[in-house]
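With the sequences and hints as input, model every part of the structure.
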Amino acid sequence: MCPAERSASGPGNRVALRARLVNMLSMSKGKTYFSEMTSDTGVRDPYQSYDAWFAQQDNARLAKKSEEAEVFFRSTGITFNVYGDEDAEERLIPFDLVPRIISGREWDKLSKGIDQRVRAINAFLHDIYNRQEILRAGVIPVDLIAQNDAFLPQMIDFSPPGDVYTHIVGTDIVRTGEDEFFVLEDNARTPSGVSYMLENRETMLQMFPELFSKIKVQRVSDYPKNLRKSLEASAPKNCEGRPFVVVLTPGIHNSAYYEHSFLADQMGVELVEGHDLRVVDGHIAMRTTRGYRKIDVIYRRVDDDFLDPLTFNPDSMLGVPGIMDVYRAGNITITNAPGTGVSDDKAIYSYMPEIVEFYTGEKALLKNVETYRCSEADSLKYVLDNLADLVVKEVHGSGGYGMLVGPTASKKEIAEFAEKLKAKPSNYIAQPTLSLSTVPIFTEAGLAPRHVDLRPFALVSPNGVEITPGGLTRVALKEGSLVVNSSQGGGTKDTWVLKE
Amino acid sequence: MKLQIHHRTQYDYDAPVGYALQKVRLRPQRSIMQEVVDWELRVDGGQVEASYQDHYGNHVDLVSAEIGVRQLVITAKGTVKTHDAAGVLGRVYGRAPLWHFVQPTPLTVADDKIKALSGIIRESDTVLNGMHALSSAVLRAVPYEVGQTQATTSAVEAVAIGKGVCQDHANIFIAAARAAAIPARYVSGYLMMDDRVDQDASHAWAEVHLEGLGWVGFDVSNGVSPDERYVRIATGRDAGDDAPISGFRMGASDESLVVSLQVQQ
Amino acid sequence: MLGKTAGGLYWMFRALERAENTARLIEAGFRIALTRSTDPDGEWRSVIITSATQQGYDAKYDGYDSARVTDYLLRDLDNQSSVLSVIKQARDNARLVRTALTTEVWMAVNETWMLLTDVLKEPVPETDLPEVLSIIRQQSALVRGALHGTMLRNDIYDFARLGTFVERADSTARIIDVKYYALLPSPSLVGSRMDNVQWEMLLRSVSAHRSFRWATDGDYASANIADFLILDRRMPRSLAYCAATICENLEYLEEEYGERSESLVLARALRARLRDRDIASIFDEGLHEFLSSVLGDIARIGIQIEQDYRFNE
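Protein chains in written order, with the numbering used here: chain D, 4 to 503; chain B, 27 to 291; chain F, 424 to 736.
Any given hint might turn out to be false.
[Claimed, not checked] Quick list of in silico lysine-lysine cross-link-like pairs, DSSO-like style, CA-CA up to 27 Å:
(1) D/K115 / D/K228
(2) D/K502 / D/K112
(3) D/K297 / D/K240
(4) D/K427 / B/K139
(5) B/K141 / B/K107
(6) B/K141 / D/K427
To be clear, the hints were calculated from the coordinates, so they are not data collected in a lab.
Written as structure tokens, this is what we have:
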């Protein structure tokens with residue numbers, strides 16, 4: 004799975020970028036990492052009960068369980084296709100049976116921060132496509148929007164129902180200390196991975212039912228029900244009766260197809276492709292065995308550019324011609340709204356604390372990873388002085404290329420990069436290296452610490468924000484590695500939020 | 027001046043049509059330059075599926091062809107009362123910000139030749155005079171000639187070809203204006219040519235946003251600013267943005283297109 | 424239900440049925456060619472013709488033998504009808520219609536695909552052939568069992584069944600047609616060794632060599648065999664049985680949807696052609712001509728089902 008879904012378009016370079024970046028940084032010596040299970044004084048509170056249970060387990064039995072889980076995942080077809088290669092083998096994301104445990108208090112804090120952030124992001128998107136007050140106020144430079152590829156003029160002067168743009172958000176969070184949580188990415192476009200959150204829990208419940216009677220873990224299984232409710236609540240204002248919801252997938256060869264069919268199945272709605280849909284009597288309708296049937300809400304997992312060949316990429320075979328016209332006429336809700344990718348931009352990310360404050364009037368509860376905008380003289384000076392310790396990225400770059408990873412770069416590379424930076428400072432941002440926390444995984448030799456991140460999922464509708472207590476924990480399976488990405492040997496864990 | 031417009035677009039399909047959509051921008055809007063006395067969009071062989079204001083404030087109708095027809099006719103007709111405002115539309119703004127009209131689009135990228143044309147703006151005493159000078163310069167560089175360019179020809183390509191029609195003139199003018207950081211946009215509409223009732227085609231010109239004046243129109247092809255012979259229909263960032271009709275059709279059948287336009291007093 | 428989903432179910436079950444039929448055909452060919460035939464290469468050729476893959480095969484190979492024919496029918500991805508190809512098609516279609524399947528059906532198909540892609544990774548040596556063919560049969564039975572045991576009897580089920588029986592009718596008609604000359608009443612040949620071989624091949628191709636004995640008291644006569652395969656409604660692969668089942672499922676659909684369908688009209692006409700008549704009248708009509716026109720009917724029913732239920736745009 005990928006941190007940001009790549010349904011039909013480009014190669015998701017940012018993913019590779021981050022993977023490489025984190026990997027290289029892990030080689031820097033002498034770092035200490037926050038361990039979520041243990042501290043100097045013993046086992047941390049959230050893990051006490053689990054630790055007690057684990058101490059009584061037989062390693063051979065657990066190893067067998069672990070194998071059973073893999074067989075189960077495979078025969079259920081919980082796989083992802085390697086993108087761009089239809090014939091490539093479908094791959095399985097390794098599942099580790101040790102849960103990542105978060106206390107109710109920690110979660111409380113996190114979820115408040117996420118809630119605040121997604122509300123701000125929606126207000127920001129509405130503003131950007133309407134009055135643009137944040138630009139008028141000079142909080143964000145106009146260029147960041149004007150030069151932003153994800154900005155869709157076709158969304159100007161239009162408000163979706165309830166002014167909700169990003170209905171499903173997957174906020175990537177890393178932890179570096181007891182109270183240190185940072186947002187790494189906002190993923191307001193089309194976050195994927197929620198099926199793993201649900202399947203991982205289901206697998207744990209089947210393997211270790213006794214654990215869940217001992218330890219009170221908050222449920223995640225309501226997610227599909229809540230997702231459907233949230234989508235229905237976002238239906239067009241003129242919709243009569245219970246809104247008809249569908250999931251739009253690019254098709255069975257998409258890397259996240261399993262998730263698309265899983266969510267449709269779990270919500271009890273139809274899974275459609277572009278060629279199932281057309282405009283009928285002013286609405287988008289799907290071709291059934293008995294004729295066309297009107298649709299009110301479309302949870303699309305097709306990228307903006309491919310959504311409507313009549314408005315965007317005319318060569319797209321994945322989209323629905325005329326859907327943007329029907330959308331602007333107010334006869335369908337598209338979730339997430341087109342153009343939400345504006346807020347996923349790296350440069351916009353660096354302004355997120357200002358964005359949160361501008362729209363909520365509050366200080367941001369969740370921290371950003373410190374980001375130096377080289378367009379600012381002081382920052383530029385700092386970055387130039389500390390290139391060897393920093394990661395420098397192109398602001399609008401298509402990732403991977405044109406970045407500098409200071410700790411692993413040669414003196415020559417650093418010197419050359421400094422020249423590029425000085426020539427066009429506004430094109431770059433820089434970030435310090437990150438020390439991801441660790442959680443143990445199960446190995447044949449017992450528990451061993453590995454680095455993790457976390458992607459909780461938030462649902463936004465005109466009725467409010469709902470955050471599922473849990474999320475997708477990705478774990479770097481290789482010792483010492485900071486690469487949690489599944490395409491680079493990362494795995495997943497069940498994420499427990501304790502009731503308190 | 028009271029103008030009668032009758033704009034008929036006829037699609038003939040060589041096989042019964044399976045599924046076809048047309049996005050239609052053919053409804054004039056009220057402004058200080060024009061009042062819409064009456065207006066009607068008629069669709070024969072199809073229906074209007076949805077109507078809305080687009081991101082530039084244009085009225086859009088999404089039209090579908092009836093399944094199985096071999097002919098779709100879209101007729102826009104009505105009466106518009108026009109006023110001569112010396113081309114000045116004024117300080118009327120939609121939600122699309124001015125900076126948006128400074129950004130180049132694929133059809134309005136400025137190459138060195140267009141930037142050179144753009145230089146004339148700075149050399150003039152006022153920006154307004156500069157724009158008039160630019161208009162003349164574009165027409166000199168690319169004299170009017172039909173048949174040399176197509177709907178998808180960009181400003182850069184038209185300059186290279188050295189011949190063009192109103193659409194190319196507008197695209198080049200817009201590209202040059204933006205190269206000088208002046209917001210510019212494309213306007214599609216009608217022009218009543220005094221000597222005839224049956225007009226060749228829809229017309230197009232450009233508008234730029236000038237400090238103090240607001241939006242001002244320039245018809246490069248005719249070397250004037252729009253007067254009471256002009257009817258404004260739609261605006262966009264280039265010729266692709268506000269095409270009067272753009273379509274999608276499924277299936278392998280071929281279509282042929284006949285457009286007739288009458289503008290008269 | 425989406426038209427595409429109905430189509431996915433239909434084609435998924437056509438593909439599964441085809442995999443099973445191909446395996447059965449190979450098995451019959453293998454037995455006869457190995458043990459009974461004076462012309463094994465000729466038997467393999469008729470296997471290829473029956474599977475409707477002759478054009479592709481001839482373009483690739485010169486001449487027929489066990490190794491090449493079995494490989495082409497089992498593993499060759501250039502052959503759209505090879506077991507490996509159709510199992511992948513079945514599984515792709517199952518993914519497409521995942522939301523319409525029970526977990527049991529989905530897992531049965533997915534496991535079948537995983538198992539067969541593994542088993543058919545390398546060419547199958549003759550010594551392993553019986554086991555591989557038996558795996559294919561068993562997996563088919565597994566999917567069928569999951570379908571019968573867990574799926575609601577609604578339109579989803581009907582489309583699955585339609586796929587199965589349209590494919591099966593087509594397959595049975597082809598099997599008979601390729602050997603039709605052996606079934607023609609011809610006094611001089613009755614009971615000859617050659618006939619016996621051909622009859623056994625026919626019956627084995629539809630897994631009916633035992634059931635024929637039960638049903639007819641083992642009265643091996645060409646007319647009895649033709650009657651059994653074409654008109655006997657006790658025999659689950661006979662044309663009459665397939666036509667009746669297709670009608671039955673189309674009737675359920677008509678009832679559920681409350682709409683008349685043209686495909687049911689066609690299917691009923693086919694059923695009528697196969698009911699209340701005796702085999703002699705078919706011989707009078709001309710067996711080959713009769714089978715050709717039945718194959719045409721089956722193809723038309725298939726196309727009409729696709730249109731009636733909007734499988735495609």
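Hints, verified against the model:
Taken as a hint, the D/K115 and D/K228 pair is honoured in the structure, with Cα atoms around 22 Å apart against an allowance of 27 Å. Restraint check for D/K502 and D/K112: the C-alpha separation of about 14 Å stays at or below 27 Å, so the hint holds. With a C-alpha separation of about 15 Å, the suggested pairing of D/K297 with D/K240 holds against the 27 Å cut-off. For the suggested pair D/K427 and B/K139, the alpha carbons sit about 26 Å apart, so the restraint of at most 27 Å is met.
For the proposed pair B/K141 and B/K107, the alpha carbon gap of about 38 Å is over 27 Å, so the pair is violated. Restraint check: the Cα-Cα separation between B/K141 and D/K427 comes to about 22 Å, which is no more than 27 Å; the hinted pair holds.
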